[in-house]
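**Q** Those protein sequence lines, which keep their order, are chains L and Y.
Using this note's numbering, read the first sequence as starting at 332 and increasing by one per residue.
Using this note's numbering, read the second sequence as starting at 140 and increasing by one per residue.
A hint or two may mislead.
Here are the simulated DSSO-like cross-link-like pairs (lysine-lysine), alpha carbons at most 30 Å apart as the crow flies [claimed, not checked]:
id: 1; chain 1: Y; residue 1: 300; chain 2: L; residue 2: 455
id: 2; chain 1: Y; residue 1: 300; chain 2: Y; residue 2: 142
id: 3; chain 1: Y; residue 1: 286; chain 2: Y; residue 2: 142
id: 4; chain 1: Y; residue 1: 410; chain 2: Y; residue 2: 315
id: 5; chain 1: Y; residue 1: 286; chain 2: Y; residue 2: 300
id: 6; chain 1: Y; residue 1: 286; chain 2: L; residue 2: 455
In short, the hints are calculated from the structure, not lab data.
The structure presented is a predicted model; accordingly, all values stated were derived computationally and were not measured.
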Amino acid sequence: MRCECSERSNSIKQRLVGLHHTAGSGHLGSSLSIVEILTFIRFVWWTDGDDLVLSKGHAATALYSLLVEDGSIPEEHLSTYYQNGTLFAAHPPPNRLPRVPFATGSLGHGLSLAAGMAMARQIKRQQTKVFCVTSDGELNEGSIWEAALFIAHHNLRNVVWLIDRNGIQGFGRTEDVLRLEPLAEKLSAFGFNPIAADGHDFDSLRAARQEAMESTRPVAIICRTIKGNGWSGMQDTVDCHYLPISAKDRQSFVDSLLSGSERGSHPSPT
Amino acid sequence: MRKEFTESIVALHADDPRTILITGDLGYMAFEDVRRVFGEQFINAGVAEQNMVTMAAGMAFSGFVPWVYSITPFVTLRPYEQIRNDVCLHSLPVKLVGNGGGYGYGIMGATHHALEDIGSLRMLPNMQVYVPFTAEDVTACVRQMAKDPKPNYLRLNSAAKPSLPVPAFTQWRHLKTGSRATVVGTGPVLQNLCATNAAQDCDVWLASLFPLRNPPDELVRSLSATRRLVTMEEHTVQGSLAESLALLLTNRMSVPYQTLSLTAAGYPSGKYGSQAFHQGESSLAGKSLDDALAGFLAPDPSSA
Numbered sequence: 332m333r334c335e336c337s338e339r340s341n342s343i344k345q346r347l348v349g350l351h352h353t354a355g356s357g358h359l360g361s362s363l364s365i366v367e368i369l370t371f372i373r374f375v376w377w378t379d380g381d382d383l384v385l386s387k388g389h390a391a392t393a394l395y396s397l398l399v400e401d402g403s404i405p406e407e408h409l410s411t412y413y414q415n416g417t418l419f420a421a422h423p424p425p426n427r428l429p430r431v432p433f434a435t436g437s438l439g440h441g442l443s444l445a446a447g448m449a450m451a452r453q454i455k456r457q458q459t460k461v462f463c464v465t466s467d468g469e470l471n472e473g474s475i476w477e478a479a480l481f482i483a484h485h486n487l488r489n490v491v492w493l494i495d496r497n498g499i500q501g502f503g504r505t506e507d508v509l510r511l512e513p514l515a516e517k518l519s520a521f522g523f524n525p526i527a528a529d530g531h532d533f534d535s536l537r538a539a540r541q542e543a544m545e546s547t548r549p550v551a552i553i554c555r556t557i558k559g560n561g562w563s564g565m566q567d568t569v570d571c572h573y574l575p576i577s578a579k580d581r582q583s584f585v586d587s588l589l590s591g592s593e594r595g596s597h598p599s600p601t
Numbered sequence: 140m141r142k143e144f145t146e147s148i149v150a151l152h153a154d155d156p157r158t159i160l161i162t163g164d165l166g167y168m169a170f171e172d173v174r175r176v177f178g179e180q181f182i183n184a185g186v187a188e189q190n191m192v193t194m195a196a197g198m199a200f201s202g203f204v205p206w207v208y209s210i211t212p213f214v215t216l217r218p219y220e221q222i223r224n225d226v227c228l229h230s231l232p233v234k235l236v237g238n239g240g241g242y243g244y245g246i247m248g249a250t251h252h253a254l255e256d257i258g259s260l261r262m263l264p265n266m267q268v269y270v271p272f273t274a275e276d277v278t279a280c281v282r283q284m285a286k287d288p289k290p291n292y293l294r295l296n297s298a299a300k301p302s303l304p305v306p307a308f309t310q311w312r313h314l315k316t317g318s319r320a321t322v323v324g325t326g327p328v329l330q331n332l333c334a335t336n337a338a339q340d341c342d343v344w345l346a347s348l349f350p351l352r353n354p355p356d357e358l359v360r361s362l363s364a365t366r367r368l369v370t371m372e373e374h375t376v377q378g379s380l381a382e383s384l385a386l387l388l389t390n391r392m393s394v395p396y397q398t399l400s401l402t403a404a405g406y407p408s409g410k411y412g413s414q415a416f417h418q419g420e421s422s423l424a425g426k427s428l429d430d431a432l433a434g435f436l437a438p439d440p441s442s443a
């Protein structure tokens, strides 16, 4: 399974790096930050009837590439990404794509969407789950904490909240812009079971899943990640949020994927 | 109107198990029965309106029909982006219910008034705004909204109790005939005008759904004859019925006409009081309304 996950995530990375290079689009760093997380959700943790809300909609290419990988979207459809007339805008659109329940892009909405979907499941006595992937900068939004209060109050353990803790937001490091730490303690105080994981390591994500499944409280998995993971010279910078990837960097990225050496080392967000 | 809404939503719950009522921590002395009848389908979301509206969108996506209740500004303007992105862009059947449209919360002050709600919401995609006039209208509105698979907003206020008969709720209603001026209003505030002496010979229409659709031919004929249009609403002129109607009439009218737009002026004296006080400050009630109408309807000296 580990091998399959790595193959899947490498395939997704090659696809999304190609998308960004061809389009000259930004947000590649945000997408590279969550490839393993999305891969793990969809190919390991997922059961029929589950839903995924990508609250950090600016990482849409990671989601689009995942949906090609799982067969929800034909590869050729994605070739229109970022072009006039496409369904694949820089943020996920409403009502048009399979497995994309909501348009996202304005931060701080996804966790409430997941809460509503989870509450509906609870009333219907359904056993399925709602995964919600937020960024860390997104936790600046007050609506996130409204949703957190609600999920904890109603003990919505069918919400699986994964936080992409890459430590970088729009114009600086999270701890310099609007301090989040101690994040685990904050989440715990809100009534969550905060679980630490390496967001690029499938074994670590697997351990987090095990802990989540045994939790009596709603879980928030703080996935330590690297923004732009694997993008040599650009990872862990604000730049990789905005800048397109050059042909040279794309080639070296793909080469590193093929040789299995793309993994960077984690910076500390604190 | 809140009583009628409460009764209607309880009846609706019996008919449609998809019905959910979500309140932003309001409903004291009003929703106790609803809470008992709805059970787990009554949700007090707390004082967290952004989450409340988006969470409702998530429930609507999952097959429920959530009715989301609060004091009007807190369920319209506070979570406005949530309404736009999560409810309207996805055309989900979330039913927003605001109590205290216009100056309805009176002495509670400006933060609790809603003078911009209709204009703000009517411009959102897929949204239809319901403005009841009488208490009976509320029941009809709830029934119609329940059948509409799209987003709706219901603006509650103190119900009008007109002496004249009011047709069943619909987009356009003709309340009375007359030849002195053509009057078009929305919401219970129109009753203030109906009660004036000046209105006795006016042709009076009620508009109750927004965005406003094409006015009936009969209304256009009336205005072509009276050449005087009075609009009345407890809402700012920006985003008003007056604005919408002017646009819709642009290509319908072949003769010029004069207009008097009676709208909520905000807080012209900077002082606060009851709903009637604020209406009076905006020429929507009392002597100021009488004076505004008298001035507008006075015979043109040049035609004497």
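**Q** Is it true that the CA of residue 286(Y) sits at most 30 Å from the CA of residue 142(Y)?
**A** Cα-Cα ~21 Å, so holds.
**Q** Does residue 286(Y) pair with residue 455(L) here, judged by a C-alpha cut-off of 30 Å?
**A** Within the cut-off at roughly 22 Å; holds.
**Q** Check whether the Cα positions of residue 286(Y) and residue 300(Y) lie no farther apart than 30 Å.
**A** This hinted pair holds, its Cα atoms lying about 27 Å apart.
**Q** Given the hint that residue 410(Y) pairs with residue 315(Y), does the C-alpha gap stay at or below 30 Å?
**A** With Cα atoms ~35 Å apart, residue 410(Y) and residue 315(Y) exceed 30 Å; violated.
**Q** Does residue 300(Y) pair with residue 455(L) here, judged by a C-alpha cut-off of 30 Å?
**A** violated, 42 Å
**Q** Holds or violated: residue 300(Y) and residue 142(Y), Cα atoms, limit 30 Å.
**A** Cα-Cα ~15 Å, so holds.
The structure shown violates the earlier hints numbered 1, 4.
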